[in-house]
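On the provided structure of chain A, position chains B, C, D, E, F, G and H with the ligands as indicated by the hints.
Protein chains in written order, with numbering that gives the first Met the number 0: chain A, 0 to 179; chain B, 0 to 179; chain C, 0 to 69; chain D, 0 to 69; chain E, 0 to 275; chain F, 0 to 275; chain G, 0 to 377; chain H, 0 to 377.
Among these hints, one or two may not hold up.
What the hints assert, rightly or not - So the derived label-pair ranges between C-beta atoms look like this:
#1 E:G242 / G:T236: 55 to 61 angstroms
#2 E:I252 / G:G223: 53 to 59 angstroms
#3 E:D228 / G:P186: 54 to 60 angstroms
#4 A:N57 / H:D268: 19 to 25 angstroms
#5 G:T236 / B:K158: 53 to 59 angstroms
#6 B:N121 / G:Q371: 45 to 51 angstroms
#7 F:Q6 / G:G223: 17 to 23 angstroms
#8 H:R47 / F:K243: 41 to 47 angstroms
#9 B:R124 / C:G65: 41 to 47 angstroms
#10 E:K240 / C:E44: 41 to 47 angstroms
#11 E:D228 / C:K66: 35 to 41 angstroms
#12 E:D43 / B:G47: 42 to 48 angstroms
#13 C:E44 / B:L100: 37 to 43 angstroms
#14 E:D41 / H:T243: 34 to 40 angstroms
As the list claims (entries may be wrong) - In silico contact screen, one side only, chain G against chain F (beta carbon under 8 angstroms); selected entries:
#15 P46
#16 M55
#17 D57
#18 A60
#19 G68
#20 I70
#21 G72
#22 T229
#23 L231
#24 F270
Just so you know, these hints were derived from the structure itself, not from any lab. The beta carbon of each residue, even a glycine, is placed where N, CA and C say it ideally should be.
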Amino acid sequence: MSNQTQIRLAGSGGQGMIMAGVILAEAAILDDKIAIQSQSYGPEARGGASKAEVIISNEEIDFPKVIEPDLVLSLTQEATMKYGNSLKEGGLLIIDEDILLPEGFESSRVIKVPILRTAKENVGRAIVANIVAVGFIAEFTQLVSRESVEKAVLGRVPKGTEPMNKKALSEGYALAQSVK
Amino acid sequence: MSNQTQIRLAGSGGQGMIMAGVILAEAAILDDKIAIQSQSYGPEARGGASKAEVIISNEEIDFPKVIEPDLVLSLTQEATMKYGNSLKEGGLLIIDEDILLPEGFESSRVIKVPILRTAKENVGRAIVANIVAVGFIAEFTQLVSRESVEKAVLGRVPKGTEPMNKKALSEGYALAQSVK
Amino acid sequence: MKSKDQLEVKINPDWCKGCGNCVSFCPTNVLAIDHHGKSTMVNREGCILCGMCEKLCPDFAIWIGGKEDE
Amino acid sequence: MKSKDQLEVKINPDWCKGCGNCVSFCPTNVLAIDHHGKSTMVNREGCILCGMCEKLCPDFAIWIGGKEDE
Amino acid sequence: MTSEIVQKYFRIENLPHIWCPGCSNGVVTRALTVAIDELGLDQDNIVVVSGIGCSSRAPGYLDFNTLHTTHGRGLAFATGIKLANPKLDVILIAGDGDVSAIGGNHLIHAARRNIDITTIVFNNNIYGMTGGQYSPTTPTDAKGTTAPHGNIDKPFDIAQLATAAGATYASRTTAYHVNQMVKYFKDAITNKGFSMVEVASICPTYYGRKNKSGSGVQMMQTLKNDFIDRMAYDKLPEEKKAGKHLMGVFKNITLPEYTAEYQRVIEALQGGESNE
Amino acid sequence: MTSEIVQKYFRIENLPHIWCPGCSNGVVTRALTVAIDELGLDQDNIVVVSGIGCSSRAPGYLDFNTLHTTHGRGLAFATGIKLANPKLDVILIAGDGDVSAIGGNHLIHAARRNIDITTIVFNNNIYGMTGGQYSPTTPTDAKGTTAPHGNIDKPFDIAQLATAAGATYASRTTAYHVNQMVKYFKDAITNKGFSMVEVASICPTYYGRKNKSGSGVQMMQTLKNDFIDRMAYDKLPEEKKAGKHLMGVFKNITLPEYTAEYQRVIEALQGGESNE
Amino acid sequence: MSKKTVKLMQGNEACVEAALMAGMKFFAGYPITPSTELAEISSEKLPRVGGKFIQMEDEIAGIAAAIGGSIAGLKSMTATSGPGFSLKQENIGYAAIAEIPLVIVNVMRGGPSTGLPTSPAQGDVMQAKWGTHGDHAIIALSPQSVMETFDITIKAFNLAEKYRTPVIVLTDEVVGHMREKIEIPEPGDIEIVNRTVPGPGEDYLPYRLEAGDIVPKMAPFGAGYRYHITGLFHDETGFPSNSTENADIMLKRMISKIEDNRDDIVMFDEFMMEDAEYAIISYGSTARTVRNAIKTLREQGMKVGLFRPITIWPSAEKEIREVGRKVKKIIVAEMNMGQYVQEVERIVKSDAEVFHLGRANGEVLMPSEVVQKAKEVF
Amino acid sequence: MSKKTVKLMQGNEACVEAALMAGMKFFAGYPITPSTELAEISSEKLPRVGGKFIQMEDEIAGIAAAIGGSIAGLKSMTATSGPGFSLKQENIGYAAIAEIPLVIVNVMRGGPSTGLPTSPAQGDVMQAKWGTHGDHAIIALSPQSVMETFDITIKAFNLAEKYRTPVIVLTDEVVGHMREKIEIPEPGDIEIVNRTVPGPGEDYLPYRLEAGDIVPKMAPFGAGYRYHITGLFHDETGFPSNSTENADIMLKRMISKIEDNRDDIVMFDEFMMEDAEYAIISYGSTARTVRNAIKTLREQGMKVGLFRPITIWPSAEKEIREVGRKVKKIIVAEMNMGQYVQEVERIVKSDAEVFHLGRANGEVLMPSEVVQKAKEVF
Ligand SMILES: Cc1ncc(C[n+]2csc(CCOP(=O)(O)OP(=O)(O)O)c2C)c(N)n1
Ligand SMILES: Cc1ncc(C[n+]2csc(CCOP(=O)(O)OP(=O)(O)O)c2C)c(N)n1
Ligand code: SF4
Ligand code: SF4
Ligand code: SF4
Ligand code: SF4
Ligand code: SF4
Ligand code: SF4
Ligand SMILES: [Mg+2]
Ligand SMILES: [Mg+2]
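So here's chain A without its partners, still in its complex pose (with noise of 0.2 angstroms):
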């Protein structure tokens, strides 16, 4: 268990956080380690807020859910507020810049994030911040590593929109160092 590293991604409907957690998940399949990759599903998750999860670890991963995440990357408020809580003692919470925590929010560590704009200003489309937040959580983390989550990610995006996934992926990367 202390080998694990449980990640949980949430946003809202269409902002493809399953698809992240998928790369992430693939990512860490092609470096050879054990993941396991699962979503919320439900009504709510058509409209509102939705969350994926991945476990990274080396090894056999019995229990398939997350309990209490090591990390949390939220791009919404709603989304925030549903699943930022209940974070593992130490565990990290990544948001998205302009969202606002209320007080006495139960999380040790907080950190706040341009996903959403450097998807839209430096990628051009908000639609890849999922990608950029791959990037960002890839470097921050090292769980995995670049070789492979470029990988993931270009076997997993619709043809025709790698290079912009590509992009999107190095800006990530260069989030995360830059607030490291």
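Chains B, C, D, E, F, G and H with the ligands in isolation, oriented as in the chain A frame:
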């Protein structure tokens, strides 16, 4: 068990043997006896041979099916071949006059009675053969009172056919007296 | 194919249920129900081999067949 | 019933999902989506209180109501 | 001992059948074999499917690949068979209850898909097998064991329903009109798409008895008298139209057939290789 | 904070609803309350029934007697309610999948009986709730998650199907044509018999995305452009007919209604005493 | 002593007779042998008492309409046999989770599938409990005679209304079709339970359990309480809820309303059990075969008794456990390949050795077979 | 060692992947969460390999068409979740009595009724055995991981064909939707069983068991053997038979072909059972929770082991009985209100005390709950 009389009535689909069974059972109940009536139910009951069974007893009847009938009455050849066997030791087989019993047909006591002809000729309608049969059995076995049989007949036959059925019943009684 | 004069109406009494279709719809009225309740040919000459009886017999008990087939 | 001058278009931003129906089908083009992604009135004088926005809002987030009701 | 056609296409060892005297099921079933014979179809290639009911017992007597399924579901099974092996000639035999009560949904969907299955409805306006309950085609005011006070339901026009749902061939005839029936069966089987022939039939035992319709012969006579071709009907003087029922061909068009369309998809994806 | 009509007929505490941005379900559901309001019906006397689907979530937001049943079975539940207490105004809300796929049989039978239930179909041509599988109304060649290579099925014309089955009122409108929709709802509810209003609707999330139909607004625009009244259509020059869909009233007749007929039976048997 | 009407009646007839006396006002179904008489007689009699009968397009619609009738406030019934019972399963679960009173009669015949349509069987006993998906509690009763069919049907309606739950009457072709004497009590002599409805103007939450009530009060649609019913998990308001805590509470209440009231629900009968060293457990018509056999066995000096569950589900756990402790060996005799025997095995554990006697070939068990089996294993 | 392809895959994806490798050429179904991906992926992939996918009008039609596909000679599958599984019950019995090979996947979700449609559950475990009317035998398998979903699906097809029987794959929302690493073997490395078909010109009786065969040979329709299939009891010829002797023979053969081959069919797994004093029995995704908990319990010095049935039906009677004899106490952990625990109770009798840990509120069991329960009762 010794107290029970098990009766089987056999004929072809449209001959009303079930009605005959119901009438006998009902008469027994009117006489404050215990009675159970059941029938064979199957696609073959449509055209071919059909049977109705009645158990009449002075005490509670546990097992509701006839195992070894004390008496079988059959109106057709086919029904006789199908249901005429398995009589109790010493049981009685009553068949319509035209029916032929093959060699080696097991039955200790057989009597032939012109039930169909009586119905046709003396009452004028072959369809009341079942009521003739009821009268015959009632008189022959003395299991049920004539009063009760009459009441049961009149309660079960279609409106308007009462006189004809009463006549048929009398003919059955007469027939039994004649062979006794 | 057999020629008309090699053909005749045949009846299988084991299968006949006596419904009367053949009798009633025979255009030349050459069939009847016998006292066993089965269809029977009562006027073979009158039969025009029209096949109506065969078509309307629910029990495949009456049909036009070759005279020699038995 | 209220007279026309007592009425105005009202918007509930909590329910508005920013679909754009009201904006696109407003015959006088007086609505817009604001930077929070919600519908907003940009030209109250231009509104002819036709009710199109209300009818086509899937979220019951825009409607014509009495000016005084709050 | 029976006719050549019966010897060829029936399982003689299972005859005589269990149907009641005068029941028209035998007439219609025999007519089907005549149609198949006249079309010269390969007996091994024919699949006859049914649900549950008196009429649905027919496949058991027919010497083809035969499938007796669950009540009402015949067309769904048939759809699987036909799609799995489109080369088979698939024919459904169904009662009015089977195909339009419990099986109504499968009927309209098979019709909608225009899958190449021929559906023959033995419409006796009653549930025969279970003893005479009213069916979706029992006329209003008629009696059934579950309509002892007279039926208040309106009956379906099954052939029209199939048409509205998408059948590309639909016709109606009666158990009396055997020549027409054979022709319709042939047309229906030949049509590449969903075809329905509704055969107005009789159940003397239950429908007849409950409704005082007379003997089987009388009921056949009624079929003969009361049904009239839709074209002829239109020409009839108004006063003669009352009480008449329409027969004839209601639809006969060509539209893309389901399994052929599926084959097209397969071919587009893999250049034609299929599993058959 | 919302309009009076919504405050009166919706369960405000359950709003905002779960439907996606731009989904037309809200538009149609609100129009229904306007129709009810304009008819001045007693809110306590209205029963709204649904099956399962996105559209079928509507009853949960409506302040009537509301029943959310099993997928496809809404009309069968509704039939029980209406027959048990004919004084209730019974309305069914259904998706195209709910009422014409799994529920197709209940649809044609409710129509056949002409039971006084108003069925409103939210026809978005897709299974919304389960994520975009093709439905019996998905156009041929369109895509769905289970028709990734293009749909080979032919679509139902639901309103016509209901008519062929026996509906005494049937019409079609779109989620864009709100005034017409309200009028049709009123006519349908007023009709004493089985009534169906098919509302061409949109599912931007699944149908739209899969078929590149543009945003919700664009899909509403398409409804506005492509649907044309059947009368107007007939007058259109041929070259302009292509791609048009018909709306309008397809059937509006009066026939004996099921529960009224049943009441007649009761009265005949016992001189009118009923249990209500 | 009050007057009773004595009649010769078929089991299926007695069932309808009882249903009418229990207050049935709505029947929706689809014909199937050997249950059809239930529909036929209902269609004849219901309109005479102002009730409603409807033949639906299939069995699914049959139970759905019956649930609808119950929601509209009428006591409702549907009836079927094996294949139809399978089709009704989804909506049985609906009635369970939405807590709709309903009586479902299954006149068992030979299965699986179309099987042996006109022959008796007891092959749907486990299905009655486990046939629908998901967890739920169910009540199922099985009569051995025409008279008991009458009594049990009354009871079924009472339990359905009292516990707001579907109740299954598991009868079989033998009991359904045979004719026997029955004594019909006067209406006033029969205990009839009606559902509790909210008082006028009451602040009504449709799924709130109020003090003193076993189940939430149930308002008929149209009575002025505008509320919501769903087959989704819901909270006290009736509206769907995804809350896991709520789901827990709700499901536990739904199950415990039945499990905790076993003493009220469980009916059974014993014959010659006082001094029994061996027991035969049997139910429905088969129990009569066993009773007959036990008389023979007793004559031959074997101390055998009959334990007859009348309530099949929830099972008479306590009592069956007692039987297991009391005797050395148990035979479970039933017209199937081994169903209720598994429940008995589960309950008696190692306290007694459990054997099965049964078949499912369309023929009832004969007393002689029971005698033989008893001699073999006891 | 042969090459394997490593992928990250969803359970539902792995199921279709395996089905295709097992030779599936026909899929008919109706969408329902959380099984829908099975239909979606099949619709995409089947035509690419010349197979057929069809979305039917409902679940009943889905299984019916799949049976039809199998009769026409193609390996067939249908997939669903709770409500759809209830609807399929009648035709599951049909496939059983007509002996049609078929794989039915049920991705379990919260029930009863519509219940908790997007949440996991293991509430259809008993239904898998008892859901259809009448007696029959069934095979049901339950995987705990994406990899095992793959393996089990292959196995399901093999068993279906080998035993001419419907086989149920009981997976759940957790396993169906999570993505995990899987290693896909080369086609040549997978054992594939095909049905035995009659040789050309053979004197074919469709339901005659021939020497050396486990089940009668099965000819596809259209191959020149014109025979009859029915859901009625039938004899060797395939034609209906009312004979009680025949019914006996037939039903016994249908049941024993599975019961007598338990050793071939039953799969299970053990973890730390060697020295266990206490056992937890768990299956499917819940077994992973238990495994996790057992590590914790072992760390704390408790000698607990896991017995994991992979074949749910027929149950691993022999092995579970052994477990019962070996340990003092058993917890059965499952995502329901107590289902398989009843089977375990039945099997172990008084040999061990059996406890249940479970709920059905939409949330998976947590390792901590298992630990707590173990500490409480062990
Ligand atoms: C699921 C199911 N429901 C009901 C039945 C009982 N049943 C068998 S046949 C039948 C109806 C028969 O009527 P129809 O289809 O018109 O055929 P017919 O007997 O009139 O030819 C019924 C209700 C059944 N076998 N299975
Ligand atoms: C018996 C059953 N089968 C399948 C489902 C899954 N299901 C839920 S809604 C739905 C279809 C929804 O489509 P539609 O009726 O068109 O409604 P929409 O969501 O598009 O409004 C399906 C297949 C179910 N809940 N129950
Ligand atoms: S063939 Fe024609 S004429 Fe001859 S008996 Fe038959 S129906 Fe009569
Ligand atoms: S039609 Fe056939 S069954 Fe009927 S009487 Fe003639 S030969 Fe006999
Ligand atoms: S009422 Fe009419 S004019 Fe005014 S905002 Fe709405 S749509 Fe525009
Ligand atoms: S139509 Fe309604 S939801 Fe859409 S943008 Fe306008 S106010 Fe918002
Ligand atoms: S019951 Fe009716 S349909 Fe069935 S065989 Fe007899 S006559 Fe024919
Ligand atoms: S999925 Fe489609 S139908 Fe469902 S709420 Fe979203 S847009 Fe509407
Ligand atoms: Mg019929
Ligand atoms: Mg839809």
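Do the hints match the structure? See the list:
| no. | hint | verdict |
| --- | --- | --- |
| 1 | E:G242 / G:T236: 55 to 61 angstroms | 57 angstroms, holds |
| 2 | E:I252 / G:G223: 53 to 59 angstroms | 54 angstroms, holds |
| 3 | E:D228 / G:P186: 54 to 60 angstroms | 58 angstroms, holds |
| 4 | A:N57 / H:D268: 19 to 25 angstroms | 23 angstroms, holds |
| 5 | G:T236 / B:K158: 53 to 59 angstroms | 57 angstroms, holds |
| 6 | B:N121 / G:Q371: 45 to 51 angstroms | 49 angstroms, holds |
| 7 | F:Q6 / G:G223: 17 to 23 angstroms | 19 angstroms, holds |
| 8 | H:R47 / F:K243: 41 to 47 angstroms | 36 angstroms, violated |
| 9 | B:R124 / C:G65: 41 to 47 angstroms | 43 angstroms, holds |
| 10 | E:K240 / C:E44: 41 to 47 angstroms | 42 angstroms, holds |
| 11 | E:D228 / C:K66: 35 to 41 angstroms | 38 angstroms, holds |
| 12 | E:D43 / B:G47: 42 to 48 angstroms | 33 angstroms, violated |
| 13 | C:E44 / B:L100: 37 to 43 angstroms | 41 angstroms, holds |
| 14 | E:D41 / H:T243: 34 to 40 angstroms | 39 angstroms, holds |
| 15 | P46 | 5 angstroms, holds |
| 16 | M55 | 6 angstroms, holds |
| 17 | D57 | 7 angstroms, holds |
| 18 | A60 | 4 angstroms, holds |
| 19 | G68 | 4 angstroms, holds |
| 20 | I70 | 6 angstroms, holds |
| 21 | G72 | 7 angstroms, holds |
| 22 | T229 | 4 angstroms, holds |
| 23 | L231 | 7 angstroms, holds |
| 24 | F270 | 41 angstroms, violated |
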